[in-house]
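S.K.: Letter by letter, the chains look like this.
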Amino acid sequence: EDQVTQSPEALRLQEGESSSLNCSYTVSGLRGLFWYRQDPGKGPEFLFTLYSAGEEKEKERLKATLTKKESFLHITAPKPEDSATYLCAARSNDYKLSFGAGTTVTVRA
Amino acid sequence: DTEVTQTPKHLVMGMTNKKSLKCEQHMGHRAMYWYKQKAKKPPELMFVYSYEKLSINESVPSRFSPECPNSSLLNLHLHALQPEDSALYLCASSQVGGLHTQYFGPGTRLTVL
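For the record, the sequence lines run as chains A and B.
Heads up, my numbering is the position in the first sequence plus 327, with the first residue counted as 1.
Residue 75 in my numbering is what sits at position 83 of the second sequence, and the numbering runs on without skipping anything.
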């Protein structure tokens, strides 16, 4: 069975204090590793898809990387508006995403 | 445009009521999904439609009945729900196939009294 584990569970940062979120996965035949951002009471917002080890993608202050066992989401010089829950999900078949429990990031001004 | 819309935003219903949730996308996606999300938990897959046919039912109780009238619309019919069914219900869509990204709607917050 596919398993996705995210750490830490919660992360409190000062504005400008860079950090990384971890997503480790056990998936047979990874077809894609997905990162989403979710604000309270709203649907997940797509951030990145990574397909193969060594791949990196960037968007504003966020950078996602992928190895054969884990993915990292790096937040550089975060701002308060980066506060959200970040979800990682892996897919090994056509449809089903296996989600991690998420990391809740709080950025204080 | 990567927008998935859902109505209503909020729904309160009694255990004897019948109600429906609606989802719409105009991205040409042929796979559509229903997820249930409880507070501080990740989304859990309920149903998948592929080319308007039900492909996956994750052993969801029959009080939840999905329907896909056409390639742009997805409904979830609710009947005789329990208070523990209160949650955020999310719709998502994607191209068919394992490499494609699922795009989520804003969700319907359901409260069962």
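In case anyone wonders, no lab produced these hints; they're calculated from the structure.
Treat the hints with care, as some may be off.
Said to hold, decoys possible - Computed, partial: chain A to chain B, Cβ under 7 Å:
id, residue
1, Arg358
2, Arg364
3, Pro367
4, Phe399
5, Asp421
6, Phe426
As the list claims (entries may be wrong) - The calculated label-pair distances, taken between Cβ atoms and stated as ranges, are:
id, chain 1, residue 1, chain 2, residue 2, range
7, B, Ser51, A, Ser355, 36 to 44 Å
8, A, Lys423, B, Thr8, 27 to 35 Å
9, A, His401, B, Arg22, 47 to 55 Å
10, B, Arg55, A, Glu387, 17 to 25 Å
11, B, Leu65, A, Glu336, 23 to 31 Å
12, B, Ser12, A, Ser347, 41 to 49 Å
13, A, Glu387, B, Leu91, 23 to 31 Å
14, B, Lys14, A, Gln341, 41 to 49 Å
15, B, Lys1, A, Arg358, 28 to 36 Å
16, A, Arg388, B, Arg55, 23 to 31 Å
17, B, Arg55, A, Gly368, 22 to 30 Å
Claimed, not checked - Simulated pairs of lysine to aspartate or glutamate, EDC-like, Cα-Cα distance not exceeding 20 Å:
id, chain 1, residue 1, chain 2, residue 2
18, A, Lys423, B, Glu44
19, B, Lys33, A, Glu385
20, B, Lys1, B, Glu44
Predicted, not measured: the structure shown is a model, and the values here were computed from it.
A virtual CB, placed ideally from N, CA and C, is assigned to each residue, including glycine.
S.K.: Each of the hints needs a verdict: does it hold here or not?
M.R.: Status of each hint after checking the structure:
A hinted interface residue such as arginine 358/A counts as satisfied when its beta carbon comes closer than 7 Å to some beta carbon of chain B; here the least separation is about 4 Å, so the hint holds. With its C-beta approaching chain B no nearer than about 11 Å, arginine 364/A sits outside the 7 Å limit, and its interface hint is violated. A least Cβ separation of about 9 Å between proline 367/A and chain B goes past the 7 Å threshold, and the interface hint is therefore violated. Annotation: phenylalanine 399/A was flagged as interfacial toward chain B, and the flag is violated, the nearest CB pair being 19 Å apart, outside 7 Å.
The interface hint given for aspartate 421/A is met, as the beta carbon of that residue sits about 5 Å from the closest beta carbon of chain B, less than 7 Å. Because the beta carbon of phenylalanine 426/A sits about 4 Å from the nearest beta carbon in chain B, less than 7 Å, this interface hint is met. For serine 51/B and serine 355/A, the hinted distance range of 36 to 44 Å is not satisfied, since their beta carbons lie about 22 Å from each other. One distance hint, 27 to 35 Å for the beta-carbon pair lysine 423/A and threonine 8/B, holds here, with the actual separation near 33 Å.
A beta carbon spacing of about 34 Å between histidine 401/A and arginine 22/B contradicts the range 47 to 55 Å that was offered as a hint. Between arginine 55/B and glutamate 387/A the Cβ separation comes to about 43 Å, which falls outside the hinted range of 17 to 25 Å. Between leucine 65/B and glutamate 336/A the beta carbons are some 37 Å apart, a value that contradicts the proposed interval 23 to 31 Å. Remark: the range hint 41 to 49 Å for serine 12/B to serine 347/A is upheld by a beta-carbon distance near 43 Å.
Between glutamate 387/A and leucine 91/B the Cβ separation comes to about 24 Å, which falls inside the hinted range of 23 to 31 Å. A C-beta distance of roughly 43 Å is found between lysine 14/B and glutamine 341/A, which places it inside the suggested range of 41 to 49 Å. At about 32 Å, the CB distance of lysine 1/B to arginine 358/A agrees with the hint of 28 to 36 Å. Range check, arginine 388/A to arginine 55/B: about 43 Å between beta-carbon atoms, so the 23 to 31 Å window is missed.
Between arginine 55/B and glycine 368/A the Cβ separation comes to about 24 Å, which falls inside the hinted range of 22 to 30 Å. Restraint check for lysine 423/A and glutamate 44/B: the C-alpha separation of about 17 Å stays at or below 20 Å, so the hint holds. At roughly 26 Å between alpha-carbon atoms, lysine 33/B and glutamate 385/A are farther apart than 20 Å, so this suggested pair is violated. About 24 Å separates the Cα atoms of lysine 1/B and glutamate 44/B, which puts this hinted pair outside 20 Å; it is violated.
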